[in-house]
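Participant: Next come the chains, spelled out residue by residue.
There are 2 protein chains.
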Amino acid sequence: MRTMLLVLTVYLLTILADAQSPPLNLMPMPASVKTASGQLVIDPSFSVAISGHTEPRLQRAVEIFLSDLRRQTGMLPLDMKISDTATGTLLIQCDSGTKEVQELGEDESYHLEISSSGAKLNSPTTLGIMRGLQTFLQLVQTAPVGFAAPAVTIDDKPRFPWRGLMIDCGRHFMPLDVIKRNLDGMAAVKLNVFHWHLSENQGFRVESKRFPKLHEMGSDGLYYRQDEVHDVIAYARERGIRVIPEFDMPGHSTAWFVGYPELASAPGPYEIERKWGVFDPAMDPTQEHTYHFLDEFIGEMAKLFPDNFYDIGGDEVNGKQWDANPKIQEFMRAHSMKSNQDLQAYFNKRVQAIVSKHGKTMIGWDEILRPELPRSVVIQSWRGQDSLARAATQGYRGLLSHGYYIDLMWPAYQHYVVDPLSGAAAALSSEEASRILGGEATMWAEYVSPENIDSRIWPRTAAIAERFWSPPNVHDVNSMYQRLEVVSHRLDFLGLTHNTGYATMLRRIAGSDDISTLKALADVVEPVKNYTREETAPAEPTSLTPLNRVVDAARPESDAARQFTDMVNSLLSGKPKPGTETQIRAALIHWRDNQVDLQPLAEKSFLVKEVMPLSQNLSALANAGLAALDYLAHGERAPDSWKSQQLALVEQAKKQQAQLLLMIAPAIRKLIDASEGQVSATAVNGVILPK
Amino acid sequence: MRTMLLVLTVYLLTILADAQSPPLNLMPMPASVKTASGQLVIDPSFSVAISGHTEPRLQRAVEIFLSDLRRQTGMLPLDMKISDTATGTLLIQCDSGTKEVQELGEDESYHLEISSSGAKLNSPTTLGIMRGLQTFLQLVQTAPVGFAAPAVTIDDKPRFPWRGLMIDCGRHFMPLDVIKRNLDGMAAVKLNVFHWHLSENQGFRVESKRFPKLHEMGSDGLYYRQDEVHDVIAYARERGIRVIPEFDMPGHSTAWFVGYPELASAPGPYEIERKWGVFDPAMDPTQEHTYHFLDEFIGEMAKLFPDNFYDIGGDEVNGKQWDANPKIQEFMRAHSMKSNQDLQAYFNKRVQAIVSKHGKTMIGWDEILRPELPRSVVIQSWRGQDSLARAATQGYRGLLSHGYYIDLMWPAYQHYVVDPLSGAAAALSSEEASRILGGEATMWAEYVSPENIDSRIWPRTAAIAERFWSPPNVHDVNSMYQRLEVVSHRLDFLGLTHNTGYATMLRRIAGSDDISTLKALADVVEPVKNYTREETAPAEPTSLTPLNRVVDAARPESDAARQFTDMVNSLLSGKPKPGTETQIRAALIHWRDNQVDLQPLAEKSFLVKEVMPLSQNLSALANAGLAALDYLAHGERAPDSWKSQQLALVEQAKKQQAQLLLMIAPAIRKLIDASEGQVSATAVNGVILPK
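Going down the list, the protein sequences come from chains H and E.
Counting from 1, one number per residue, gives the positions in the first sequence under the numbering used here.
Counting from 1, one number per residue, gives the positions in the second sequence under the numbering used here.
Extracted from the complex, chain H is given alone in its bound form:
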């Protein structure tokens, strides 16, 4: 796989820089794109013909494609058809069918040719056709002649065979419609693994017919029935997505013990956990009962989830219950186990045998990596590329999730620059490197609800999907952001709510239909990063805490602040586009005055009141920025006293308030620094030029 990638000649054109043709807003960017002149008009008579191998899954993929194309172009169910090869606008040629259960590493390559007279899509497999159809959808644009796709020739294949998104439905349950629309989003950006995190201290989310107290007592009634699981798996399969269940053990398992306390290492009784964090309860690895139970349970789930892989989690056992249980201590001594890690390794080995007996390959987080385990297991690394590389050199296959934790509220580029084959992994032999299967974005769910989860997953996960699919030389951050914006709004047609839900949430917060002033503030803030939300919480957050504050509505990444920062950088570079200073001034004046305009809402709404300190800081920063601009414009050096005052203000404004960060603070700091002459400039015709 890796070898093939290395010998692959990458024809990637710098299409975005081509002033002749409009940009191709493709994400992930294909391995090879050649543009030509002309375009294919897409109107109600558009049709798709299938030749070569066909199967129900391919037919269904084409139906879904037509439905998506209709939504994207505003056409109706009777427009656009499946036709015969003599009349089809898009001719599909598929060489062979796919496995009944989608497998890791099935060929996903495709060849797409579009000219003004028609289009051809060829692939060895139905999966490749699915990927090519998504590329086709992204190529269709509103044009002067109607809807149209530009003439192109694309040869494409994924860099990594495992491109996943994990959604944690344990901490906050996500209804089926949330899962389905996110599967649609995943398919749109060519992700192929839905990792379904189904049990947590806070909830056990799948119906078990063998052990019904798991879902009956462990879920608050919030679980997926087995017919719903079948439905999700079928829905995913139609989109070329594998579904891998994770039932975390031996830790993260309090919800199991509510119904089955005998599994735990302390007698209980247990209640569903409401708080967040790492907790003491863990399965008892020393009783045979545990393995009998898991044998039957895993047997049931192995049948319910057809994928070849089965995830046991295996992370974050604090060992306190083990330490405190004399029988367990006795067992460890009898088996010469020196540490809880040894005990967990024993547990994992026993569980691996069960998973294997039921025909599955085991996956788990970093912690499971121990020499006792067979080389077949797959390690999902939350620790990083070095840990992953170690596993690969030992012969284990691995997935990277470190760097793709989308719950940490990083900007898209910060995930985008993370490469599974960087760090220690860059030094692997090609055989070792081929063991690195790809990666997964992880949506941990302490602070997401069905209302805002889409805005935490999208659009940033599209950038991660590009990292997993596209050749490694696709890494231009500016190009990524340009395309990400377009892709983000394309996802609206799939019913994802990351864009459409924002105003609705702000209206609730404002208690008013006029949200212009609140939005001006919310647009330039971001939730605190990493694990700061827990640390800065006004009261201990639980699974019952409403997620309806500005921090829950604000986007993980502020486009407005990024664009403002770009303008400031451009201005201070000395070569800004005409009008840059005017735009900066307009933004600053708007922010400066917003505080007064927002005040009436703050008096009406407790949720607005909470963010008024941010609003005051925004106003103060804007004032400082305006003054700095004046110094710059007059070519004056700002007095030291003024400068130190302003920098103190910036430092103050950088601190979280209401668990939010004001993202224009660094750019204001640059303006203040520049006003001191660090970046010397003068104004000519309203444009600041370097002296």
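There could be a bad hint or two in this list.
No copy is singled out in the list; a pair is fine if it fits within one copy or between any two copies.
Unchecked claim - With a straight-line cut-off of 16 Å between C-alpha atoms, the simulated EDC-like cross-links for lysine to aspartate or glutamate are:
1) Lys604 with Asp177
2) Lys275 with Asp79
3) Lys81 with Asp220
4) Lys275 with Glu367
5) Lys349 with Glu540
To be clear, the hints were calculated from the coordinates, so they are not data collected in a lab.
Given chain H's structure and the hints, the job is docking chain E onto it.
Facilitator: Same frame as chain H, but now just chain E:
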């Protein structure tokens, strides 16, 4: 019923004018509202207790209420519970259960008391509890202390027992999710009848097990399975909504004849109709086979749809097939029928007997009203109150739909002022008037798709719902518009897309994520009114014509134009609020300059190009308005030549372009008229005052 309404003492307070307390954004406005001081805080601990009679439907109604309340306040499934009466925040007392099949005229009254310490909701029936819960939801606001409902005492009951919305799923099929979210919207504004128009020339939309060629050959595969019909009926019942099917006959029935041509009055063969209009095919009323078929069909549908009423349509038979069929002519002669109306009356009488045999009461449009029919049938009037009053004096019950045709793109107030008991109906005796059961808004579907249908139904149908529910003295149009805006955005939480879908559609039209310039134009246009869309179509529209143009995205009513018109009226009244002229100028400058800014999009998008003549007119109107303001500001009289030129321009700009109307034209005309001195004014401190 009517008598009771007349003796009802209406305590309606002019709450909106009360500067002390925030406005109560209730719609429909209850019969009696008394406000008090204080408020009930709504937080995660909020709970509902049920006492008195209970039944599964009531439990379910409370669950739906809690789910809606959580969505509205951004809370989570584990927040807010059903509790016992000792601890409940909201105590529900219900006197008795509801009928297994919801009936016309069941008591929907309720009494709601909210104080700072708790709330009580009493009703004779589960239906009344449902209505009261919707009122409670509308009372919950974002407040300084948290979410809160103000202290009030409300006594409420509907004015009319039949408050319906008809959705035509024959011309364009609407998927289940569209139906369900609109049922949610109906429940929110206390509508209680979903009239489901299920067959048309363009499609037969229900699975028939007895006559499968109806849906197999008559629907293009777009039909509701019987289990889906059950699902919709159950969903509606949980929300206190009756579901009444309409299978239109003997006309509007081409889709039936594709599978069963022997039902028609000419031999066929038939195809599903793609065009709009009134067509020739009609059932043959002279063959016994027709009645055998209808007996079995109606028997099947009478079981599928449990409601006591069954709608046979009966409208718009052009009679051409009857005229052309010698056997039918012979039959008419033999039975001394003088006209096709006589023949249709014979048909209706036969069908009525069948409907009655299957335990149902027949409904039909005006045309069915003939003395041959028993007094039990219900007449739905598309012709008006006079026609309705005639039916009532003859002893028939009736519903008004004339004036509530929401497909005609009228502004909300134009529907709002239509009263079922006005015109000839105002002169009815109270017994006769009691036969007027209410009315129905009708969503005919030539120009709606699943994407834009919500924006044609909402928010205007909320104003119609108020007409059907509230006492007749609730008729202040300004108050209605104020509350309508709030209610409109509340519906967003139910998943209705009338607000959220607008930007998505505009982005497709623009072929760009930046829609500010397109939106500036789209915000001030409205689709052409009444049946002008057909008349002005560039090519004959069919059921295959994409609904993706600006005319399909533009709202039926332009809030921006209405607000601008209000500002102009205020200015010319001589007593404008401070800043009015400044605001008018700013709007005009924006519109004047928008044309240039929109041009680049027009060069990229065929859908924007189509509306550029409107954009030019908008710019020209804005220029004229600015010049008129200058004359006014300087107290000068505009020259006659200028005036006549400008008025010609306004007349030109009032004409439809791209099937859209520029809604600021009348206000600009007023400014021009005023500049001539018709409304004489002068400017003092930026405010124009009368001389």
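Participant: Now tell me if each hint is right for this structure.
Facilitator: So, going through the hints one by one against the coordinates:
no.: 1; hint: Lys604 with Asp177; in the structure: neither (34 Å within a copy, 35 Å between copies)
no.: 2; hint: Lys275 with Asp79; in the structure: between (51 Å within a copy, 14 Å between copies)
no.: 3; hint: Lys81 with Asp220; in the structure: between (45 Å within a copy, 12 Å between copies)
no.: 4; hint: Lys275 with Glu367; in the structure: neither (23 Å within a copy, 66 Å between copies)
no.: 5; hint: Lys349 with Glu540; in the structure: neither (37 Å within a copy, 71 Å between copies)
Of the numbered hints stated above, those contradicted by the structure are hints 1, 4 and 5, listed in ascending order.
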